[in-house]
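Start from the sequences, fold in the hints, and give me the full structure.
Yeah, the sequence shown ends on 444 if you go by our numbering, and it's all consecutive.
Each hint should be verified, as a subset may be incorrect.
[Said to hold, decoys possible] Subject to a maximum C-alpha distance of 25 Å in a straight line, what follows is the list of computed SDA-like cross-link-like pairs (lysine to any residue): (1) Lys-302 with His-275; (2) Lys-139 with Pro-372; (3) Lys-113 with Thr-126; (4) Lys-113 with Glu-350; (5) Lys-289 with Ser-265.
These are computed hints drawn from the structure, not numbers from a lab.
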Amino acid sequence: MISCDEAGFTGPELLNEDQPYFVYAAVDLSSAEAKAIVDRTRAEHRVQAPELKSKVLRKRNDWPQISGEVATATEGRALVISFNKRLALAGKAFEYVFEPVLEDNNFIFYANDLQRFVMNALYRVILDSKADLKQLADELQRFMRSFDPATAPSIFAQRGRRGEKSIIVDCLLRFARGYNLRIAQRTAHLRADDAGIGKWALDLTGTALFSLILRGWGRRHHRIHVLCDESKPLKAIASLFDNWIGRKDGFAMPLGGEVQANLDEPIEFGSSAIHPSLQIADILAGATADSLRHPESETFARFAAWVARHAHEDQVHPDADTIDTRSVRPCVNLAALRELARRADGNLDPLDGMAEFYAAQYLRFRSPASRIRRTPRIIGDQQRPRRHTG
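Pasting the structure below:
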């Protein structure tokens, strides 16, 4: 049985200052195994509460010891996936601003990691910015909660600001304004979604469960039963996982990797008061979030090592290499972003000839002249520039 619970849940609010990380943990334990761990932990540490809850236990001095012992008991039997929420918001900006315009032929952009470039660059700009760009982040979040362009006037208004200091923000705004009608049309189904899926577009729980099940435990076991702690956003999308009931085949993703799972029945939702395995998942998720918030703490150093061994590859954290223009690909993606903004200004076809454009830019930035030219990082980095690397 795969049991799942979270830490740092703030729903579609990804700019929460107090909880910058979202973590979802999934443990592969039978009910009996989980109960034995819970009973032993409660007895050895004299826990009087009726169940183990990280938000309660972290108030105790022995919380690091408790979480460490639970981690040791689940060695090799758990997966955790974590998200930097601000970075995730920047990624959602690509998904709901750029993707509706590029979706008819988006392979060339994903194959070149344009989405990772935009996500990391926008995150870095917002992180380093003052109040004016905080407003941009707030409006992005409001738009992706309502999918109503009117909630983000400085992004979608035709008469918006010009002369942005940030190349990334300038290109984002020009793209959004130039293709605002197409974006509105192609996200209208989320705005009028009776099932409530659009309401939770910014929530990370479904994304996390997809990775942990279809790109995690589903590939390790022939057949699995999935139990999740009660969750409104998961219940809104749970039926999407029904396609994997009794399914013995998987399929390859276009850009690599495979998704696979054979669920025995629809996802079960339950209470941690009844299912001790959910208490274990809660402990692991909570301690993982603590280790992320305190990366220099010796208290959580041992647990951080456990996290490194059990972290899912789909975790979302900043990657400076994707925006370092001393390397070729970030330079190419910056050129592509500028080209998309130029096309948006003239309401031109955003897709026509982009494969050829990418090929030409790779030739340009791999040329000897380009390699010799010293180029600084484009996002918040004043270090001495070095030569381009391939």
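Item checked: Indices of hints not satisfied (ascending) -> none
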